[in-house]
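Chains as they are written, first to last, in this note's numbering: chain S, 1 to 280; chain X, 1001 to 1312.
Since the hints were derived computationally from the structure, they do not count as laboratory data.
Ideal Cβ positions, reconstructed from N, Cα and C, are used throughout, including at glycine.
Possibly wrong hints are sitting among the right ones.
Below, computed lysine-lysine pairings styled on BS3-like, alpha-carbon distance capped at 30 Å [to be verified]:
1. Lys236/S to Lys258/S
2. Lys279/S to Lys1058/X
3. Lys82/S to Lys1212/X
4. Lys1058/X to Lys1167/X
5. Lys1167/X to Lys1212/X
6. Lys1096/X to Lys1164/X
7. Lys1022/X to Lys1003/X
8. Lys258/S to Lys212/S
9. Lys236/S to Lys210/S
10. Lys279/S to Lys1212/X
11. Lys1187/X to Lys258/S
12. Lys1168/X to Lys1096/X
13. Lys236/S to Lys1096/X
14. Lys1187/X to Lys1297/X
15. Lys1165/X to Lys1187/X
16. Lys1187/X to Lys236/S
17. Lys1058/X to Lys1212/X
18. Lys1091/X to Lys236/S
19. Lys210/S to Lys107/S
20. Lys1165/X to Lys1091/X
21. Lys92/S to Lys1297/X
22. Lys258/S to Lys1058/X
23. Lys1091/X to Lys1164/X
24. Lys212/S to Lys107/S
25. Lys236/S to Lys1212/X
26. Lys1091/X to Lys258/S
27. Lys157/S to Lys212/S
Distance windows between CB atoms, simulated [said to hold, decoys possible]:
28. Thr172/S to Leu1210/X: 27 to 33 Å
29. Glu54/S to Asp1293/X: 23 to 29 Å
30. Gly1128/X to Pro2/S: 22 to 28 Å
31. His257/S to Gly1128/X: 22 to 28 Å
32. Lys210/S to Asp1114/X: 45 to 51 Å
Beyond 12 Å from chain S on every Cβ pair, some chain X residues (computed) [to be verified]:
33. Asp1002
34. Pro1013
35. Pro1227
36. Arg1242
37. Glu1301
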Amino acid sequence: MPANINTLTVVDLVPFGLEREHGGFYALRLSRPNWADWTPGQFVMIRPETWGPELPWARPLSICMLSADLILFFQIVGRGSKRLAELRHGDKVQVVGPLGTGFQVEKDTPTLLLAGGMGIVPFVGYVQRHPGPNALSLLFGHRAPLEYYPFEHFDDKVEARHFHEAGPEDLTLFLNTVDERVASYAARNGLVLACGPLPFLRAVQGMCLKHKARAQLSLESRMACGAGACLGCVVKPLLDEASGRNRSAQDIPEQMHKGLPVPTCTCGPVFWADSIDLKD
Amino acid sequence: MDKKLERLRINLPHAGGNLQLKNPVLTASGTFGYGLEYTPYGNLTELGGIVTKGLSLKPRPGNPMPRIAETSCGMLNAIGLQNCGVEEFLKNCLPKLPVLDLPVIANIYAHSLDDFAELSGILADAPGLAGLEVNISCPNVSCGGVLFGQNPREAARVTEAVKKKAKKLPVIVKLSPNVTDITEIAKACAEAGADMLSCINTLTGMAVDLVKRRPLLANITGGLSGPAIKPVALRCVWQVARAVNIPVIGIGGISSAEDALEFIMAGAYAVQIGTANFRRPDRAFTLVREIADLMDKLDIENLESFRGSLQV
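Produce the entire structure from the sequences given, and follow the hints as far as they go.
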């Protein structure tokens, strides 16, 4: 079997928060894969062995953490994640990965982590593995109550603030705070890393381009292959003149220089904010 | 190669010679990139061959997102034939493929007979290429293929145009199931000089979001593939294999060794693995040995004698 395909065993599946109110947030703990290395921001394609032809695709999940076990975190959003929530201790799961690009790690650079909802997941591993966590700070915007997310991992390690979005005014407050902080990190040549739903990433991208912040965005996309073959998860590269790019071109995957849409699964999911076009 | 796998060898005779495959497992166009994408998951030279992502004369950006949707036992796609163009393929993809030990078949797509001819002429001289597969049936691009593939006379004209320029390369015409009688199109292509036929391409379908009241694909409709279409594909292969005297390659929802042998029993020389590559990226690779194992179990001596043995 290729090294990047592992058959792992479910250790446990732990629901977060009160299921009946907001529905389905879970931490899925799997036996440890044989990976030589991984980078936070990377993801896996996961497919339980019990799935028959009814569900032909594997599902992409961001890697939350790797310790004695592999920890993934997901929310029920459709029929695939609903079936993942039925997994039990001892079930076998096929895991392809680690896949894609991870977040930039710079030991002493002030680094701002921006998470929207489930976008918090890769930052758990990022904080855990970062060589200088004192340089990190996190802003987390969320709709479901805080206990639905793996937020407790940040409390004692980095400066972390959370914003519960109960109404539109909360969102404005959150985005205004993000904008101020992006401006201040840009002024210090800091690094900004963001993960979350597309509207949130669009807003963050706009702020990063405006303040000329060095920033990376992690995209979420529906995926079929995870191998860069089906071209179902593509994003448009942002051509140089439109981005006002201030970094060297070699940071960008070669495929992006050709102008055609590129697969999020292999050229991403983490992209430099000034290298992709997130407009409709 | 061990003896067990030796028995999987097949020959697909054509006007210019024989297309020899180590085994009947090919990968279907659009599901396996240009082959290189799958090198982390297996040794390409263990496959019977690969069929590339559809190539056009110029690079194409494809359709807007979303382009894919999973459905029960299948998936819809409306990628819109995004591809790097033939020039880039010849410069940066083909030279990286182990063509001496892996038949590489270029799938081609064009909007006009002239473009089909030009594309075929360019690829005819490509070192190491094993064949051309002509997409006359892709349902996604409204101004293109679907018209050729739904009309016997147009299908014949495309076949002739490609054959004229393809030199010794075998020409495989890929048929659409979105027709009243697939054997009419099959016969027209065979008479026009097609060396082989592959069937089937995707079935036109649609999926919608009941809450948002919107289609799931930006293109509204897309091509359905996967296990859901296997019975349709098997029917088409069986009908076409009886209607023409050239090799037929089966495609459509093939996920297991059982599926592969069913298609061969219905008359296919070889099979293509498509959506099953998404279920698990080493699927095509592992299928080769599984077919050999199943042949043992079912006492199938070789594929030649087994082919078309379905009793009706």
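Each hint tested on the structure:
For the suggested pair lysine 236/S and lysine 258/S, the alpha carbons sit about 11 Å apart, so the restraint of at most 30 Å is met. About 25 Å separates the Cα atoms of lysine 279/S and lysine 1058/X, which keeps this hinted pair within 30 Å; it holds. The straight-line distance between the Cα atoms of lysine 82/S and lysine 1212/X is roughly 20 Å, inside the 30 Å bound, and the hint therefore holds. In summary, the hint linking lysine 1058/X to lysine 1167/X is supported, as the alpha carbons are separated by about 22 Å, within the 30 Å threshold.
Between the alpha carbons of lysine 1167/X and lysine 1212/X the distance comes to roughly 52 Å, so the proposed pair goes past 30 Å and is violated. About 28 Å separates the Cα atoms of lysine 1096/X and lysine 1164/X, which keeps this hinted pair within 30 Å; it holds. Taking the CA atoms of lysine 1022/X and lysine 1003/X, the gap is about 12 Å. The hint holds against a cut of 30 Å. Under the criterion of a C-alpha separation no larger than 30 Å, the hint pairing lysine 258/S with lysine 212/S is consistent with the structure, at around 24 Å.
A distance of roughly 20 Å separates the Cα atoms of lysine 236/S and lysine 210/S; the hinted pair therefore holds under the 30 Å criterion. At roughly 20 Å between alpha-carbon atoms, lysine 279/S and lysine 1212/X fall within 30 Å of each other, so this suggested pair holds. Restraint check for lysine 1187/X and lysine 258/S: not satisfied, since their Cα atoms lie roughly 41 Å apart, outside the 30 Å limit. The suggested pairing of lysine 1168/X with lysine 1096/X holds, with an alpha-carbon distance near 23 Å, which does not exceed 30 Å.
Our distance criterion of 30 Å between C-alpha atoms is met by lysine 236/S and lysine 1096/X, whose separation comes to about 26 Å. Proposed proximity of lysine 1187/X and lysine 1297/X is contradicted: the alpha carbons are some 36 Å apart, above 30 Å. With a CA separation close to 21 Å, the supplied pair lysine 1165/X and lysine 1187/X stays within the 30 Å bound. A C-alpha spacing of about 42 Å is found between lysine 1187/X and lysine 236/S, which places the hinted pair above 30 Å, so the restraint is violated.
Between the alpha carbons of lysine 1058/X and lysine 1212/X the distance comes to roughly 36 Å, so the proposed pair goes past 30 Å and is violated. A hinted pair counts as satisfied when its Cα atoms are at most 30 Å apart, and lysine 1091/X with lysine 236/S qualifies at roughly 23 Å. Simply put, lysine 210/S and lysine 107/S have alpha-carbon atoms about 25 Å apart, close enough for the 30 Å limit, and the pair holds. Among the hinted pairs, lysine 1165/X with lysine 1091/X is consistent with the structure: their alpha-carbon atoms are about 20 Å apart, no more than 30 Å.
At roughly 27 Å between alpha-carbon atoms, lysine 92/S and lysine 1297/X fall within 30 Å of each other, so this suggested pair holds. Under the criterion of a C-alpha separation no larger than 30 Å, the hint pairing lysine 258/S with lysine 1058/X is consistent with the structure, at around 13 Å. For a cut-off of 30 Å, the pair hint linking lysine 1091/X to lysine 1164/X stands: about 24 Å separates their Cα positions. For the given pair, lysine 212/S sits about 21 Å from lysine 107/S by alpha-carbon distance, which is consistent with the 30 Å threshold.
For the proposed pair lysine 236/S and lysine 1212/X, the alpha carbon gap of about 25 Å is at most 30 Å, so the pair holds. Among the hinted pairs, lysine 1091/X with lysine 258/S is consistent with the structure: their alpha-carbon atoms are about 14 Å apart, no more than 30 Å. Simply put, lysine 157/S and lysine 212/S have alpha-carbon atoms about 28 Å apart, close enough for the 30 Å limit, and the pair holds. In this structure the supplied range 27 to 33 Å holds for threonine 172/S paired with leucine 1210/X, their Cβ-Cβ distance being about 32 Å.
The given range of 23 to 29 Å is respected by glutamate 54/S and aspartate 1293/X, whose C-beta atoms sit roughly 25 Å from each other. A hinted range of 22 to 28 Å holds for the C-beta pair glycine 1128/X and proline 2/S, which are about 25 Å apart. For the hinted restraint 22 to 28 Å between histidine 257/S and glycine 1128/X, the CB-CB distance of approximately 26 Å keeps it satisfied. Under the hint 45 to 51 Å, the C-beta atoms of lysine 210/S and aspartate 1114/X, about 48 Å apart, fit the expected range.
Under the 12 Å C-beta cut-off, the non-interface status given to aspartate 1002/X relative to chain S holds; the minimum distance is some 19 Å. For proline 1013/X, the requirement that its beta carbon stay farther than 12 Å from each beta carbon of chain S is met, with the minimum near 31 Å. The Cβ of proline 1227/X sits about 4 Å from the closest Cβ of chain S, inside the 12 Å cut-off, so the non-interface label is violated. With a least beta-carbon separation of about 28 Å from chain S, arginine 1242/X lies farther than 12 Å from that chain, consistent with its non-interface assignment.
The beta carbon of glutamate 1301/X is kept farther than 12 Å from every beta carbon of chain S, the shortest such distance being approximately 30 Å.
The structure is inconsistent with the numbered hints 5, 11, 14, 16, 17 and 35, although it conforms to all the rest.
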